[in-house]
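A.B. asks: Let the sequences and hints guide you as you build the complete structure.
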Amino acid sequence: MLAGAVVLAGGRSSRMGRPKALLDWDGLTAVEHAVAVARSGVDGGPVCVVRAPGQELPPLDAIVVEDSVAFAGPLAALTEGLAALQGRCELAFACGVDTPLLVPELVAAVVASLRDDDDAVVPVIDGRAQPLLAAYHLSLVPRLRELLAQGLDGLKDMSEAVAVRRLSEAELRADAALATADPELRSALNANTPDAWAALRTLC
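Residue numbers (the numbering used here): 1 to 204.
Keep in mind the hints are simulated off the structure, nothing from the lab. All of these numbers come straight from a predicted model, not from anything done at the bench. A few of these clues could be false.
To be verified - Per label pair, the in silico range of CB-to-CB distance:
hint : residue 1 : residue 2 : range
1    : 36        : 2         : 39 to 45 Å
2    : 179       : 150       : 37 to 43 Å
3    : 139       : 179       : 42 to 48 Å
4    : 26        : 150       : 38 to 44 Å
5    : 12        : 151       : 18 to 24 Å
6    : 53        : 116       : 17 to 23 Å
7    : 27        : 145       : 17 to 23 Å
We put the beta carbon where it would ideally sit given N, CA and C, even for glycine.
C.D. replies: Okay, structure coming up:
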């Protein structure tokens, strides 16, 4: 199945003190870096960036859409991104801009793990589900809109309403390319503060 990717860039970034999407990572903004990694992981498939209304972003080689309501939550942003990719691919990997150690091999491994009878596959790393390192069938969009209409806004809210399969660390590590590229699964490390972002840079 043809895969694409959704990059969520429109969060409040309140603890960071400035927009995460514009943070520097090796000469690129965080959003540019995330787009490049995601696109590589889906073999050049389409990438959609979801921003807040009016949010400034650098020129991107990606489809850019806006949240219909500012800061409505990650579920709404994911839904917008998946909807924008309809007709372009059949499934999509989703990530944020705050996991700069993400490697294309993890993207590819997660996408390859999505089965026909799964609505989504979500890795569990260090005991935590990672819905923003997950793959989703685009056919989910109508159901996600129903959840939003019910007032739900978190990605965890979908777990009981759709067929979400969890992907263990052992399953991830069984992928030879990922085991070589990211043996410690640092792809899941994220940053919400300037100090945490600086700490991730030391791990490169």
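A.B. asks: If a hint holds in the structure, say so; if it does not, say that too.
C.D. replies: Right, here's what the structure says about each hint:
1. 36 / 2: 39 to 45 Å: For residue 2 against residue 36, whose Cβ atoms are near 19 Å apart, the range 39 to 45 Å is violated.
2. 179 / 150: 37 to 43 Å: For residue 179 and residue 150 the Cβ distance comes to about 40 Å; the hint holds.
3. 139 / 179: 42 to 48 Å: With Cβ atoms ~31 Å apart, the hint is violated.
4. 26 / 150: 38 to 44 Å: 41 Å, holds
5. 12 / 151: 18 to 24 Å: 19 Å, holds
6. 53 / 116: 17 to 23 Å: At 36 Å between Cβs, range violated.
7. 27 / 145: 17 to 23 Å: With a Cβ separation near 38 Å, residue 27 and residue 145 fall outside 17 to 23 Å, so the hint is violated.
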